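Asks: Just so you know, the protein sequences line up as chains A and B, in that order.
Using this note's numbering, the final residue of the first sequence is 1025, and nothing's skipped along the way.
Using this note's numbering, the final residue of the second sequence is 339, and nothing's skipped along the way.
The hints are simulated quantities; they were obtained by calculation from the structure and are not laboratory data.
Only a predicted model underlies this, so the values are computations on that prediction, with no experimental measurement involved.
Each hint should be verified, as a subset may be incorrect.
Derived lysine-lysine pairs resembling DSS-like cross-links, with alpha carbons at most 25 Å apart [said to hold, decoys possible]:
#1 B:K313 x B:K264
#2 B:K210 x A:K967
#3 B:K278 x A:K964
#4 A:K997 x A:K952
#5 B:K305 x A:K970
#6 B:K210 x A:K969
#7 B:K121 x A:K967
#8 A:K997 x A:K970
#9 B:K278 x A:K895
#10 A:K964 x B:K264
#11 A:K760 x A:K782
#12 B:K281 x A:K940
#13 B:K281 x A:K901
#14 A:K838 x B:K305
#15 A:K971 x B:K281
#16 B:K316 x A:K902
#17 B:K316 x B:K22
#18 B:K313 x A:K895
#19 B:K278 x A:K969
#20 B:K99 x B:K121
#21 A:K967 x B:K278
#22 B:K305 x A:K952
#23 A:K770 x A:K969
#24 B:K99 x B:K81
#25 A:K901 x B:K278
#26 A:K964 x B:K210
#27 A:K838 x B:K308
#28 B:K281 x A:K964
#29 B:K264 x A:K902
#30 A:K895 x B:K121
#31 B:K316 x A:K970
#32 B:K25 x A:K940
#33 A:K760 x A:K901
Selected chain A positions facing chain B (Cβ under 10 Å, derived; list incomplete) [what the hints assert, rightly or not]:
#34 Q854
#35 G857
#36 L885
#37 Q892
The beta-carbon is built from N, C-alpha and C at its ideal position, and this holds for glycine as well.
Each chain, written out:
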Amino acid sequence: MKDSALVAVENLVKHFPVRMNFIQMLFTREKKKVHAVNGVSFKIEEGQTLGLVGESGSGKTTTGRLVLKLIEPTDGRIKFMGKDITPLKPKEMRPLRREMQIVFQDPLASLNPYMKIGEAVRHPLVIHKIGRNRIQQREMVLEMLEKVNLRPPEEFYNRYPRQISGGQRQRVVIARALITRPKFVVADEAVAMLDVSIRSQLLKLMVDLKKEFNLTYLFITHDLATTKYICDRIAVMYLGHIVEEGSFKDIYSEPAHPYTKALISAVPEPDPKIMKTKKKMIPSGEVPNAIEPPPGCPFHPRCPHKKAVCSRTFPEVVEISEGHKVACHIYARR
Amino acid sequence: MNRERAVCSLKSLKVYYMTFDGPVKAVDDVSFDIHREETLGLVGESGCGKSTLGSAILKILPRTARIYGKIFLDDTDITALDEREMQKIRGARISMIFQDPMTSLNPIMKVKDHFIETIRTHRPEISEEEALEMAARALAEVGISESRLNDYPFQFSGGMRQRMMIALAIVLRPSLIIADEPTTSLDVIVQAQILELMKEIQGHVRSAMILITHDLGVVAEMTNRIGVMYAGHLVELAPRDSIYYDPLHPYTKALLESVPNTRIEDKELKYIDGFPPSLLNVGEGCRFADRCPKARKVCFEKTPKDLVLEDGRLVKCWLYESEGQVEE
Ligand SMILES: Nc1ncnc2c1ncn2[C@@H]1O[C@H](COP(=O)(O)OP(=O)(O)OP(=O)(O)O)[C@@H](O)[C@H]1O
Ligand SMILES: Nc1ncnc2c1ncn2[C@@H]1O[C@H](COP(=O)(O)OP(=O)(O)OP(=O)(O)O)[C@@H](O)[C@H]1O
Ligand code: SF4
Ligand SMILES: [Mg+2]
Ligand SMILES: [Mg+2]
């Protein structure tokens, strides 16, 4: 099969050294590691959006940064536009940077408070030497500001981040990410901090821009409901593993993995009738820490269906219907 | 509706923050009653005044805030009470659960000392031993083993800390609990565990609860009645199902439409254009008028009154002016 995917990762692993205080260091001999990402594989076809969902600490952000090679993987491969970029040095990555961008959760933290927003959006053009001169770059920025609905763009160009609202700031960050006309954008909780009505405005903008620029997104979120509007496929993470992957419909109406089932049953729906009839399957306890993750299936200590094998071996990934993959012993081929 | 005497009742409550540029009218002319065993959800977007309202009832506002109007707790108007008298009420008759428990817990005090302090401040006649027994019972109610009384708050996970906060809030059986975004910083599964617990607890403590949140999913599950706030105004107040299935105020309608739901068929994303007005020096008129598809001339000129409709619902909008009676 020919690999047409724009982005493909295979068996990505990332371990971090544990942040320890002085006392802890005195008492621990062995070097402990945080198992942030433990063998993640997925592909994203050009023009598609993959949603990465999961609870806090499940490894979503780490995965997003690995894909862009903002951090080095402990193991595994990353392919971008068919090319293996895993061994590339930062200098060799540079020409690729304009093709891959990231939008973070907190726009205030990712904007320089002393830089006019027009200049902030122009900055990537300067770095990648795009545009003939300053005047042309300014034209490009104004056009981009218009596209993200910061109108009139001339007026917004000269404002500072603190002089605009949170939703408008996130528009600036999106404009800055798209000004180099990238192919691939990682959106890490890009709309999480915004209010409902503003969140929907931004989501709509991201969907429109995706069509206009034929963008491919990795859309990271802990909010399952927002994935419906923007994602073609969804991958569910738990403790550094992708435990299930499928279309929104697969994940939402036929979740297979016990963790996905729990996650979906826990989402509060803005509809009292649904809430009354919804069957909840809330596991007790909380996610174990990633320093000593449980052996076997990472979900087994909380799983209502666990069998003996679950605590011994990690389940292999099984495709239960076309494109719907799950890593759980219940579905193991006999 | 509910004929029993209200546990808490707000009469034309206003809370203004005084700044150099003028007053920020964070809560403006809000009136409602809340009864025993009832959970009232207070929803609205960031900055609409939800926390200010909750803090006003506890009188824990910053010095720059001015309170006008009245807040009755049973028969006492607490706006008239001084700080010493308020201390007797806080933690005993009204208690609060915050989004981040660490802001209200003392990091260098053991869990048991938090309980002993709370109990003995209000009920000095209770011995330390008895207080510890009460603490152990309250912890058991929230599913925490009493062995953890000797731990410090930072040794708890986020979810366990919120459980502990709930135990502390109910140990003296308050008549009113104010929960301000109690599950906002938790993951969905832990949130579901805590919400379940809160329902169960309220079932046997039988207090009234004001649940402040911006999450319309959480209120759909937890509340009996819902108040919708917009830019400092209470724009609609109605039984839960009326809000979801028969909303009256244009803002309530727009808000509900813009919330992402998980119905697979319905993929069209709706949103409200624009953003809420600044509350600094805000003048007359409906505060939603700029964004309202139904706005008329009068909407921009005069603030609509609180209309109480026949079924007891409250709506603050010129569209309904002829249908209800104006609450005086
Ligand atoms: N630089 C680092 N050093 C040590 N541990 C780290 C580092 N970055 C992340 N981790 C740990 O790796 C795990 C995965 O973190 P990550 O931020 O990828 O999760 P996430 O799914 O994005 O969570 P959230 O929803 O909270 O953003 C966590 O246990 C985290 O504490
Ligand atoms: N100390 C203060 N001085 C001046 N203005 C304030 C002060 N505290 C809050 N405000 C303003 O009062 C308004 C209401 O704030 P409040 O915190 O009550 O809103 P909220 O509905 O709880 O919002 P959120 O959902 O973000 O918690 C906001 O416009 C806020 O900026
Ligand atoms: S008062 Fe007017 S502007 Fe305000 S919500 Fe009603 S119709 Fe819209
Ligand atoms: Mg993250
Ligand atoms: Mg608040």
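Asks: Now tell me, hint by hint, if it's right for this structure.
Replies: Hint check:
1. B:K313 x B:K264: Measuring from Cα to Cα gives roughly 22 Å; hence the hint holds.
2. B:K210 x A:K967: 13 Å, holds
3. B:K278 x A:K964: 20 Å, holds
4. A:K997 x A:K952: Answer holds: K997 (chain A) to K952 (chain A) is near 14 Å, not above 25 Å.
5. B:K305 x A:K970: Violated: K305 (chain B) and K970 (chain A) sit about 39 Å apart, past 25 Å.
6. B:K210 x A:K969: Roughly 16 Å separates the two Cα atoms, so the pair holds.
7. B:K121 x A:K967: Cα-Cα ~39 Å, so violated.
8. A:K997 x A:K970: 20 Å, holds
9. B:K278 x A:K895: Holds - the C-alpha atoms of K895 (chain A) and K278 (chain B) are around 11 Å apart, at most 25 Å.
10. A:K964 x B:K264: 17 Å, holds
11. A:K760 x A:K782: Holds, at roughly 12 Å.
12. B:K281 x A:K940: OK: K281 (chain B) and K940 (chain A) at ~20 Å, within 25 Å.
13. B:K281 x A:K901: This hinted pair holds, its Cα atoms lying about 18 Å apart.
14. A:K838 x B:K305: 28 Å, violated
15. A:K971 x B:K281: 28 Å, violated
16. B:K316 x A:K902: 45 Å, violated
17. B:K316 x B:K22: 14 Å, holds
18. B:K313 x A:K895: 34 Å, violated
19. B:K278 x A:K969: 21 Å, holds
20. B:K99 x B:K121: 23 Å, holds
21. A:K967 x B:K278: 23 Å, holds
22. B:K305 x A:K952: Violated: K305 (chain B) and K952 (chain A) sit about 42 Å apart, past 25 Å.
23. A:K770 x A:K969: 41 Å, violated
24. B:K99 x B:K81: 19 Å, holds
25. A:K901 x B:K278: 16 Å, holds
26. A:K964 x B:K210: Holds - the C-alpha atoms of K210 (chain B) and K964 (chain A) are around 17 Å apart, at most 25 Å.
27. A:K838 x B:K308: With Cα atoms ~32 Å apart, K838 (chain A) and K308 (chain B) exceed 25 Å; violated.
28. B:K281 x A:K964: Holds, at about 21 Å.
29. B:K264 x A:K902: 29 Å, violated
30. A:K895 x B:K121: 48 Å, violated
31. B:K316 x A:K970: Outside the cut-off at roughly 42 Å; violated.
32. B:K25 x A:K940: Since the Cα atoms of K25 (chain B) and K940 (chain A) sit roughly 47 Å apart, the hinted pair is violated (cutoff 25 Å).
33. A:K760 x A:K901: 22 Å, holds
34. Q854: 13 Å, violated
35. G857: It holds, given that the least Cβ distance between G857 (chain A) and chain B is near 8 Å, below 10 Å.
36. L885: 9 Å, holds
37. Q892: It holds, given that the least Cβ distance between Q892 (chain A) and chain B is near 5 Å, below 10 Å.
In terms of the numbered hints stated before, the structure departs from hints 5, 7, 14, 15, 16, 18, 22, 23, 27, 29, 30, 31, 32 and 34, listed from lowest to highest.
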